Amino acid sequence: MPKDALKGRDFIAITDVSRRELEALFETADYMQKHVKGGTDALKGRILCTLFFEPSTRTRLSFETAMLRLGGGVTGFADPSASRTVTGESLADTVRMADSYGNAIVLRHRIEGAARLASQVAQVPIINAGDGTQHHPTQTLTDLYTIRKEFGTVDGTSIAILGDLKHTRSASSLCLGLTHFKDVSLFLVSPEQLRTKDEVKDLMKAARLNFVETDDVEKVIPQVDALYVTRVQKERITPEEYEKARGSYIITAKMLKRAKDKMIVMHHLPRIEEIPLEVDYTRHARYFEQAANGLPVRMSLLSHLVE
Amino acid sequence: MPKDALKGRDFIAITDVSRRELEALFETADYMQKHVKGGTDALKGRILCTLFFEPSTRTRLSFETAMLRLGGGVTGFADPSASRTVTGESLADTVRMADSYGNAIVLRHRIEGAARLASQVAQVPIINAGDGTQHHPTQTLTDLYTIRKEFGTVDGTSIAILGDLKHTRSASSLCLGLTHFKDVSLFLVSPEQLRTKDEVKDLMKAARLNFVETDDVEKVIPQVDALYVTRVQKERITPEEYEKARGSYIITAKMLKRAKDKMIVMHHLPRIEEIPLEVDYTRHARYFEQAANGLPVRMSLLSHLVE
Amino acid sequence: MPKDALKGRDFIAITDVSRRELEALFETADYMQKHVKGGTDALKGRILCTLFFEPSTRTRLSFETAMLRLGGGVTGFADPSASRTVTGESLADTVRMADSYGNAIVLRHRIEGAARLASQVAQVPIINAGDGTQHHPTQTLTDLYTIRKEFGTVDGTSIAILGDLKHTRSASSLCLGLTHFKDVSLFLVSPEQLRTKDEVKDLMKAARLNFVETDDVEKVIPQVDALYVTRVQKERITPEEYEKARGSYIITAKMLKRAKDKMIVMHHLPRIEEIPLEVDYTRHARYFEQAANGLPVRMSLLSHLVE
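For the record, the sequence lines run as chains A, B and C. For the first sequence, position 57 (counting from the first letter as 1) is numbered 57 according to the working numbering, and the numbering increases by one without interruption. Offset between the second sequence (1-based) and the working numbering: plus 1000. Offset between the third sequence (1-based) and the working numbering: plus 2000.
Simulated from the structure, these hints should not be mistaken for lab results. One or more hints might be untrue.
Each computed BS3-like pair below joins lysine-lysine, with the alpha-carbon atoms no more than 27 Å apart [what the hints assert, rightly or not]:
id : chain 1 : residue 1 : chain 2 : residue 2
1  : B       : Lys1034   : A       : Lys7
2  : A       : Lys34     : C       : Lys2034
3  : B       : Lys1037   : A       : Lys44
4  : A       : Lys244    : A       : Lys201
Values in this document were obtained by computation on a predicted structure and should not be read as measured data.
Taking the hints into account, I'd like the entire structure generated from these sequences.
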């Protein structure tokens, strides 16, 4: 595939790219690994506008670092409060401004569909750094890249996603990301009230991705290659449910004793209490590597999309 | 005029430069148009300090982008809350710090005269990114450039400025900017209580700029080449005045039907409700182009001022 | 000493470096003076991560400018409020993120020992930009450099540190910094309740640095080469103590009449009322030069530490 196929494109959902394009992105990420501490001049003279209507230090810093490592420049805002004057302004007008200044726009927003709307207004590529509860495609790209690095491929792996599957955009976005691959077994482990949304399940069914919903994490752990942990927030469920869920959704080193030898524990970070520090010292912990993978993956993406 | 005439100078008010210097700035802005998406190395190794004591995302991002496109670097703060530790400090001390670090300082401040004070303290050029209620010279440079681009020259044009002419610094600053040009007809359209300040009117009279004050926007629209819209804020006038003003100071597509064919609608943005979305689709809307012009204009200014 | 001796090292306390290393840092700072307005390409392709859990405009801007002047890039956050999403996260996890993105990390934190903890987690150099109440080694490096520039050496000088010596980290850190030098006479001038902490005094005793504690600033002024002023905050002492202290801890031009001819007044800035503006115009004021010295000193430090 010529690199040009992605040039100038938006990246709003992980399903916006084909399997072949995904593989091209992964291969460029492999190449970028060599440049994560040094940098290149690939995007010299180009500017990335980072519009974070919702703050996210990790995602923003990884994008900024990626752009700087490619020799480009960065401007934008980190936080809606630091851009009070645009709060009354429509999203479209703010995006038009950034469109006239930058060569690409990274957008994060609380509202579902914000990035898609932005892409209809802007000429330059829009990259969705998370919007609403379903899409966070660069996180998913990083997650899939991490699994691929560990097992050679995502095809044929067995994955569990754990926690608040209803509200966590990284979880829904990973579900969608897995539809690109063959023979994946997916376990969706959550309290009853926090199950994956129907629209996401419908898309998985349409793509013939096999998934099982359960609330029994203990039973799932021995069966999977990767355990993707997200947090269950107290305020999202009833106190009784929470007490019941709490024990199951904190992954201890003891629980991991029954895991496969090569099973990896993933997390989009920041974690609070759902993965205790003791797990960091097990052979399963892969969330710090996963976070580090965000850099070459975003370097790859920017180098493909930005003109 | 040799480029050097502006080198090292401050830019506090639009009247700080001569007509010839204005034209030189516009010509360089024309040239910079070619570099707005690519960039040059003109200011490589130079650093711009952005001190935004009052937040302004648009102005800040356009300055940062301009400096980065010229190959320079940027540091500073976007917001007084992000610089809590300097709040107790005098403006002069903060400016002295930036003076010793950067090659030029961009300053925005709520207080009238803040930029002038800064220029008395600093060795490096101070650029006023808006202070008090009268001066916003880089906005005015952009506005004048937009009119010139549309009509070939600002001389001889007929301009209306509409809205809160008392408190809107872009409005007062444009009045001052128009004193540089010949045969301009200026209509100042506002509610009685929000008229242009006497000191601004005195300066226009001294420069023999003809202006008419009115509150009848309907009558003015057919006569002008450019309609510059600003917002009337509810809290600034009495409820009765507001109800009366509201209808007149929201510019609808219908009102524009009686405008000249080539009349342009301008706005310093962000807009809230004073220009409805429907106007975006008329042939008159020029506010997005105006915003985009802020980039080559600021690239021009920085390239002239910074040593 | 080969430059490599500092390469890759952390800089958590001023006592982390030897006297020889200090001198090497000062010599490089002398060299960097030539580049403070132009810049070099020494750290091209390198990225500095600035993690300011406690805001500090001066320190942050001087680090950012230093890195940009060395040809490198900068990312990070200025303020914990701009990084809400990491607040629940452990410091170690945030540092691990920055460790995987940047080539060095600058950290500022309210909590004692935060920088040391970070250095145990990170592979890249950690530079302490102030933590707790004792350490602010880059401020001290700047302070010592300022004294050396004025008097040729720090050895044999007589120094007074004035104000809240208990809580001001720049004061404690300077005490520690002076342990590197010979024949220094140190006067610690403070209200009874705001004396230097015992642990700092113990380290000075161990290093055989002579110091005298007093609350009589008038008596000290004629004896010293440098008067280092810090602020006494009202809320830290009793109202009676404050009223008594207030007069003594505001350094007026009149008080300086009895000073040695070449005595210099220093302050880590920002100052509030402890040094009135009138002092700026005396031959003793050196705090603005001191602030400006922060840039070549930090350029020197970064060029030595970053790989």
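Review point. Against which earlier hints does the structure fall short, listed by number upward?
Key: 2
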